[in-house]
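Which chain is which? The protein sequence lines are L and H, in order. For the first sequence, the positions run 1 to 110 when this note's numbering is used. For the second sequence, the positions run 1 to 110 when this note's numbering is used.
Please note: incorrect hints may appear among the correct ones.
[Stated by the list, open to error] EDC-like mimics (lysine to aspartate or glutamate), calculated; alpha carbons at most 20 Å apart, straight line:
| id | chain 1 | residue 1 | chain 2 | residue 2 |
| --- | --- | --- | --- | --- |
| 1 | H | Lys57 | H | Glu79 |
| 2 | H | Lys18 | H | Asp62 |
| 3 | H | Lys11 | L | Glu40 |
| 4 | H | Lys18 | H | Glu79 |
| 5 | L | Lys54 | H | Glu98 |
| 6 | L | Lys109 | L | Glu17 |
In short, the hints are calculated from the structure, not lab data.
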Amino acid sequence: GQQVQQSPASLVLQEGENAELQCNFSTSLNSMQWFYQRPEGSLVSLFYNPSGTKQSGRLTSTTVIKERRSSLHISSSQITDSGTYLCAPPYGGSGNKLIFGTGTLLSVKP
Amino acid sequence: EAAVTQSPRSKVAVTGGKVTLSCHQTNNHDYMYWYRQDTGHGLRLIHYSYVADSTEKGDIPDGYKASRPSQENFSLILELASLSQTAVYFCASSPGLEQFFGPGTRLTVL
Numbered sequence: 001g002q003q004v005q006q007s008p009a010s011l012v013l014q015e016g017e018n019a020e021l022q023c024n025f026s027t028s029l030n031s032m033q034w035f036y037q038r039p040e041g042s043l044v045s046l047f048y049n050p051s052g053t054k055q056s057g058r059l060t061s062t063t064v065i066k067e068r069r070s071s072l073h074i075s076s077s078q079i080t081d082s083g084t085y086l087c088a089p090p091y092g093g094s095g096n097k098l099i100f101g102t103g104t105l106l107s108v109k110p
Numbered sequence: 001e002a003a004v005t006q007s008p009r010s011k012v013a014v015t016g017g018k019v020t021l022s023c024h025q026t027n028n029h030d031y032m033y034w035y036r037q038d039t040g041h042g043l044r045l046i047h048y049s050y051v052a053d054s055t056e057k058g059d060i061p062d063g064y065k066a067s068r069p070s071q072e073n074f075s076l077i078l079e080l081a082s083l084s085q086t087a088v089y090f091c092a093s094s095p096g097l098e099q100f101f102g103p104g105t106r107l108t109v110l
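Only chain L is shown next, with the shape it has when bound in the complex (with noise of 0.2 Å):
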């Protein structure tokens, strides 16, 4: 079946790092959405990319269709983007439902 991999696994970055996540997706893609989640549990949309590069504040996603894969740039990292990023493309078809990755544990220390 389809399968999302995400890497790394985890990242342990000094404020002010940079740091590149990437989400690869097994079989064909038409989009990704990008997802952070808190320390508590709840989850933000940060970007639903079908295709290209977009640009929100620090955080840059580029998904590129025909290579099954997409990544989450973040710029000058604080220690408030210290969380989980998800990541989800769509499958099935119908309904737009996703399937997610296993995520990227991001921990900024000062």
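Use these hints to put chain H onto chain L, whose structure you have.
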């Protein structure tokens, strides 16, 4: 941004008991979803719905029922709760592409 609320936010249930988790959205989205998240895992789709009075099975529907009595409301029902259903449950709504998530319900079955 879609406003999705869930109730209760946490619940302790006994094995064999009935549990109902409720979800309410206020942005007129057609699609609604129920996911579960287990510690250290990504989210998995339980049930979803395109339209009121209709529900569809997701990837892990066994042991769960869903009800969509109106466009705004989507319930997840555990008729006979089991220990293995201890998890965090998320509801989401979507206009058809990007999904927006509620805050989650932490369910503990004892």
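Going down the list of hints, with the structure as the test:
1. In summary, the hint linking H/Lys57 to H/Glu79 is supported, as the alpha carbons are separated by about 16 Å, within the 20 Å threshold.
2. A distance of roughly 15 Å separates the Cα atoms of H/Lys18 and H/Asp62; the hinted pair therefore holds under the 20 Å criterion.
3. For the hint pairing H/Lys11 with L/Glu40, the CA-to-CA distance comes to about 16 Å; that is within 20 Å, so the pair holds.
4. Only pairs whose Cα atoms come within 20 Å are accepted, and H/Lys18 paired with H/Glu79 is accepted, the gap being roughly 5 Å.
5. Only pairs whose Cα atoms come within 20 Å are accepted, and L/Lys54 paired with H/Glu98 is accepted, the gap being roughly 14 Å.
6. Only pairs whose Cα atoms come within 20 Å are accepted, and L/Lys109 paired with L/Glu17 is accepted, the gap being roughly 10 Å.
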